Amino acid sequence: MTGVGIENVLVSLVLAAIALAIGYFWKVPVQKNMAVGIIRSFIQLIAVGYALKYVFDLESIWLILMVIIVMILVGSHASYSLSKQVRGAFLISFSAIAAGSLVTIGSMLILKIITFEARFIIPLSGMIISNAMNAAALTINRISSDIRSNSLAIETALSLGKNRRESSRPYRKQAVIAGMTSILNFMKTVGIVALPGAMTGMILAGAEPLEAVFWQLIVVYMLLSSVTISSVIAVELTTEKYFTPYHQLKSKI
Amino acid sequence: MSETNRSESQNPILKAENISLVVDNGGTPKNIIAGFSFDFYKGEIYNILGPSGAGKSSLLRLFNRLDEITRGKIYFNGKESSQYNPCLLRRKIGYLFQTPFLFPKTVKDNLHFVDSSLSDDKMTSMLSEVNLGPDYLLSNVDVLSVGEKQRIALARLFALKSEVILLDEPTSALDEKNSSLLLKLIKNKVSAGGIAAIIVIHDPRQVLTYNGEALLIINGKLVEHGPAKELISQPKTESGKSFLEKDSV
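Chains as they are written, first to last, in this note's numbering: chain A, 44 to 296; chain B, 1359 to 1607.
This is chain A alone, in the form it adopts within the complex (with noise of 0.2 Å):
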């Protein structure tokens, strides 16, 4: 099956209709938040569909940059909205995710992995700034939280002569690998517990299965370089709101 129309998905319907039913007659306390979120998915994925095959079509750079942008700064307001505790926290998404996404992006470019269309940059780029985003808002959470919950230990360090990286450190460590738990436990079950989204894609689209691999490897290494980069970068710069020029633990944030 590789051509799949609207009747398909009108079809497919049936499926969700089996489980508001189900919804229904156990009394699921979420039969509401079900029959939005299918209205929702509906609307919002034909609308999406509709906006790619526009820029597709077009194959501006600039119109492809400006989507980019817009999904950086989307995504930068989602990891936001999940970290308003710390004072700058959009700024500091902002900054790791599109540090993440872009030098991801750009070696891939550099490396001739992919070359510049639409149909390329832009998908990536959804997965890219989408774990990004999640990473971004982790490590914020963690290290914000971590550092308020250890400020004795942090100022003992502090006061015995260690400065605000050295004090922090262990804090930092482990909101890094908070940020990466998700990536890493996806690299280590991948192609055993589940086909990932991507290849299981590109096979339904009629794609050689190896040739899916390859892609799926490529979109795994990737997501690893750019979850990496953003959640360094999101440690480092909330850890900097905590701490003074002269390596005092700020008493409000």
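No lab work stands behind these hints, which were simulated from the structure alone.
None of the values given here were measured: they were computed from a predicted structure.
Fair warning: there could be bad hints in the mix.
To be verified - Once the Cα atoms are required to be at most 25 Å apart in a straight line, the calculated DMTMM-like pairs of lysine to aspartate or glutamate come out as:
| hint | chain 1 | residue 1 | chain 2 | residue 2 |
| --- | --- | --- | --- | --- |
| 1 | A | Lys205 | B | Glu1588 |
| 2 | A | Lys284 | B | Asp1478 |
| 3 | A | Lys205 | B | Asp1473 |
| 4 | B | Lys1507 | A | Asp189 |
| 5 | B | Lys1545 | B | Glu1487 |
| 6 | B | Lys1463 | A | Glu198 |
| 7 | A | Lys205 | B | Glu1534 |
| 8 | B | Lys1507 | A | Glu209 |
| 9 | A | Lys205 | B | Asp1478 |
| 10 | B | Lys1450 | A | Glu209 |
| 11 | A | Lys127 | B | Glu1487 |
| 12 | A | Lys205 | B | Glu1506 |
| 13 | A | Lys284 | B | Asp1382 |
| 14 | B | Lys1450 | A | Glu198 |
| 15 | A | Lys216 | B | Glu1506 |
| 16 | B | Lys1507 | A | Glu160 |
Stated by the list, open to error - Pulled from the structure, derived: some chain A residues nowhere near chain B, Cβ distances all over 10 Å:
| hint | residue |
| --- | --- |
| 17 | Ser55 |
| 18 | Val73 |
| 19 | Ile156 |
| 20 | Ala200 |
| 21 | Ser202 |
| 22 | Ile220 |
| 23 | Phe229 |
| 24 | Thr287 |
Backbone N, C-alpha and C fix where the C-beta goes; we use that ideal spot for every residue, glycine too.
With chain A's structure known, arrange chain B on it following the hints.
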């Protein structure tokens, strides 16, 4: 050494010149330390006395530069403390918190935290200085009692080889036996090492055991100071009398 003789022959190791600490208290400024001035000399113990919230611990934090002074100047060894690298200054002016924190995992790790070049022999002798046997070196800090932790933290502080040590109520969590042991250690270190010890004390009665100088701080201000025994038995100011009466020394 009397104060007059000492000031002629020796410069203060630590000097506070009209220092203030003002913090934001829900939109209104609050004076934690208000115009505090004092000279501290090596070879002396200084007892900082005062009611809760008087600014005693805040003063130690300013000396260790964990907080920044709002006004005034602090001099260490004749040079303004802001001219020093803060991390270097903190090694020269060591600080033991009221609740000492020990890093994971072993006692050895804690001593290496301040000086990674310390040999096992050196560390063993440092432990004996705080009355702990050599077998403590590889002990996990989680299994130690409060008194043992306090002594390890003190050994770690001594490992810095500071010229001034700041101790915030070092015996508050200890029983009488451990308190007097710690007191003896600090006194020995001050007289042998030629350092200055500035000790925050909650209970004025303890001043008599430490002896040395006493400074009474109320509302962030130095109300009076003098030889410990004198200040405790015959306070000169009304606020001093009132504070000491309340604590019925």
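Here is how each hint holds up against the structure:
1. Between Lys205/A and Glu1588/B the CA atoms are separated by roughly 40 Å; this puts the pair beyond 25 Å, and the hint is violated.
2. For the proposed pair Lys284/A and Asp1478/B, the alpha carbon gap of about 39 Å is over 25 Å, so the pair is violated.
3. Between Lys205/A and Asp1473/B, the direct Cα distance comes to roughly 11 Å. Compliance with the 25 Å bound is thereby established for this hinted pair.
4. Straight-line distance between C-alpha atoms of Lys1507/B and Asp189/A comes to about 23 Å, which keeps the hinted pair within the 25 Å bound.
5. Restraint check for Lys1545/B and Glu1487/B: satisfied, since their Cα atoms lie roughly 12 Å apart, inside the 25 Å limit.
6. Restraint check for Lys1463/B and Glu198/A: satisfied, since their Cα atoms lie roughly 18 Å apart, inside the 25 Å limit.
7. For the proposed pair Lys205/A and Glu1534/B, the alpha carbon gap of about 33 Å is over 25 Å, so the pair is violated.
8. Among the hinted pairs, Lys1507/B with Glu209/A is consistent with the structure: their alpha-carbon atoms are about 23 Å apart, no more than 25 Å.
9. Distance restraint check for Lys205/A and Asp1478/B: the Cα-Cα separation of roughly 22 Å lies within the 25 Å cut-off, and the hinted pair is therefore satisfied.
10. Between Lys1450/B and Glu209/A, the direct Cα distance comes to roughly 18 Å. Compliance with the 25 Å bound is thereby established for this hinted pair.
11. A C-alpha spacing of about 49 Å is found between Lys127/A and Glu1487/B, which places the hinted pair above 25 Å, so the restraint is violated.
12. Our distance criterion of 25 Å between C-alpha atoms is met by Lys205/A and Glu1506/B, whose separation comes to about 24 Å.
13. A C-alpha spacing of about 19 Å is found between Lys284/A and Asp1382/B, which places the hinted pair at or below 25 Å, so the restraint holds.
14. Between Lys1450/B and Glu198/A the alpha-carbon distance is near 16 Å, which keeps this suggested pair within the 25 Å criterion.
15. Distance hint between Lys216/A and Glu1506/B is unfulfilled; the C-alpha atoms sit about 30 Å from each other, more than 25 Å.
16. For a cut-off of 25 Å, the pair hint linking Lys1507/B to Glu160/A is broken: about 63 Å separates their Cα positions.
17. Distance to chain B confirms Ser55/A as a non-interface residue, since its nearest Cβ pair spans about 54 Å, more than 10 Å.
18. Every CB of chain B is more than 10 Å from the CB of Val73/A (nearest about 42 Å), matching its label as outside the interface.
19. For Ile156/A, the shortest C-beta to C-beta distance to chain B comes to about 43 Å, beyond the 10 Å cut-off, and the non-interface label holds.
20. The Cβ of Ala200/A does not lie farther than 10 Å from every Cβ of chain B; its closest approach is about 8 Å, which violates its non-interface assignment.
21. Not every beta carbon of chain B lies more than 10 Å from that of Ser202/A, the smallest distance being close to 4 Å; the non-interface claim is violated.
22. Every beta carbon of chain B lies more than 10 Å from that of Ile220/A, the smallest distance being close to 17 Å; the non-interface claim holds.
23. Distance to chain B confirms Phe229/A as a non-interface residue, since its nearest Cβ pair spans about 31 Å, more than 10 Å.
24. Not every C-beta of chain B lies more than 10 Å from that of Thr287/A, the closest at about 7 Å, which undercuts listing it as non-interface.
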